[in-house]
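Based on these hints, arrange chain X on the given structure of chain L.
Each chain, letter by letter, is given below.
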Amino acid sequence: MRNRLKVLRAERDWSQQDLAERLGVSRQSVNAIETGRYDPSLPLAFKIAEVFEQAIEDIFQRE
Amino acid sequence: MTEKLTAKQRYLRIHIGLSILYVAFVALASRFVPDDAAPTPWVVFWSILPGLIVIGWIWNMGRFLFEMEDEYLRMLETRKALIATAITLAVSGGWGLLELFATVPRLPVFFIFPIWCLGLAVGGLVNLATAGTSGQDCT
Numbered sequence: 001m002r003n004r005l006k007v008l009r010a011e012r013d014w015s016q017q018d019l020a021e022r023l024g025v026s027r028q029s030v031n032a033i034e035t036g037r038y039d040p041s042l043p044l045a046f047k048i049a050e051v052f053e054q055a056i057e058d059i060f061q062r063e
Numbered sequence: 001m002t003e004k005l006t007a008k009q010r011y012l013r014i015h016i017g018l019s020i021l022y023v024a025f026v027a028l029a030s031r032f033v034p035d036d037a038a039p040t041p042w043v044v045f046w047s048i049l050p051g052l053i054v055i056g057w058i059w060n061m062g063r064f065l066f067e068m069e070d071e072y073l074r075m076l077e078t079r080k081a082l083i084a085t086a087i088t089l090a091v092s093g094g095w096g097l098l099e100l101f102a103t104v105p106r107l108p109v110f111f112i113f114p115i116w117c118l119g120l121a122v123g124g125l126v127n128l129a130t131a132g133t134s135g136q137d138c139t
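So the sequence lines, in the order shown, correspond to chains L and X.
Positions 1 to 63 (my numbering) are the ones given, in order, by the first sequence.
Positions 1 to 139 (my numbering) are the ones given, in order, by the second sequence.
In isolation and in its complexed conformation, chain L is listed as follows:
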């Protein structure tokens, strides 16, 4: 699954640590999701969508 996490984060000038704190997860988790090594669960995907105020399908796309 592809995602736009890095772009969305850069637009807001957030570091991985900033995003991790907003999501309540570790920086390693954000890094793993961003680099496509880990696909988040549905609840975490909803939380990511909520933090970026976008729909899940606008952040995550199937390859």
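Careful: at least some of the hints might be erroneous.
What the hints assert, rightly or not - Ranges of calculated distance between the beta carbons of each label pair, as one might list FRET restraints:
(1) G36(L) / G93(X): 56 to 62 Å
(2) G62(X) / E63(L): 49 to 55 Å
(3) D58(L) / I20(X): 51 to 57 Å
(4) R22(L) / I16(X): 31 to 37 Å
(5) K6(L) / L128(X): 20 to 26 Å
(6) A102(X) / R4(L): 57 to 63 Å
(7) R4(L) / I16(X): 42 to 48 Å
(8) A55(L) / R63(X): 44 to 50 Å
(9) R37(L) / F66(X): 19 to 25 Å
(10) R13(X) / L42(L): 30 to 36 Å
Since the hints were derived computationally from the structure, they do not count as laboratory data.
All C-beta atoms in this analysis are idealised placements derived from N, C-alpha and C, irrespective of residue type, glycine included.
Positioned in the frame of chain L, the structure of chain X alone reads:
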């Protein structure tokens, strides 16, 4: 007001407490049970006590996994435990067959848990190599 402990702090406190109890039980058993003793209920009691602590260690790890809020780190911890289990079963099963077919030293059964703990360390290295982090270091 007391600050709420994190899952990892709770895990470490229980783990340290159980480890102290384990060492105490082994020391007491060494003191009260003579070498080459007959398997009386008293001897069995002292031998089983440290085993109960091992159950406590595993229960504590399981509780830690349930309480971890970070799903990615939980996945890494679960992978570590699976790798440790695979190594333990492979070593004990393989060595058991070797004992059956060849004249080799017997592998004492009480080594199984330390082998599993070493497997956790190997699992941590696998995580480090493949995911860039070993996990929560619950060993």
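Are A102(X) and R4(L) spaced within 57 to 63 Å by their CB atoms? holds (59 Å)
Does the hinted range 30 to 36 Å hold for R13(X) and L42(L) at CB? Once the Cβ atoms are compared, 33 Å apart, the range 30 to 36 Å for L42(L) and R13(X) holds.
For the pair G36(L) and G93(X), does the Cβ-Cβ distance stay inside 56 to 62 Å? violated (36 Å)
Please check whether R4(L) and I16(X) have a Cβ separation lying inside 42 to 48 Å. The hint (42 to 48 Å, Cβ to Cβ) holds, given that R4(L) and I16(X) are roughly 44 Å apart.
At the C-beta level, are A55(L) and R63(X) separated by a distance inside 44 to 50 Å? For R63(X) against A55(L), whose Cβ atoms are near 36 Å apart, the range 44 to 50 Å is violated.
Holds or violated: 49 to 55 Å for the Cβ distance of G62(X) and E63(L)? violated (35 Å)
At the C-beta level, are R22(L) and I16(X) separated by a distance inside 31 to 37 Å? The hinted range 31 to 37 Å holds for R22(L) and I16(X), with Cβ atoms some 33 Å apart.
Mind checking the hinted window 51 to 57 Å against the Cβ distance between D58(L) and I20(X)? Check passed, 53 Å falls within 51 to 57 Å.
Holds or violated: the 20 to 26 Å window for the beta-carbon distance between K6(L) and L128(X)? holds (23 Å)
Pairwise beta carbon distance, R37(L) to F66(X), judged against the given window 19 to 25 Å: With a Cβ separation near 24 Å, R37(L) and F66(X) satisfy 19 to 25 Å, so the hint holds.
Taken one by one, the earlier hints fail for this structure at numbers 1, 2 and 8, listed in ascending order.
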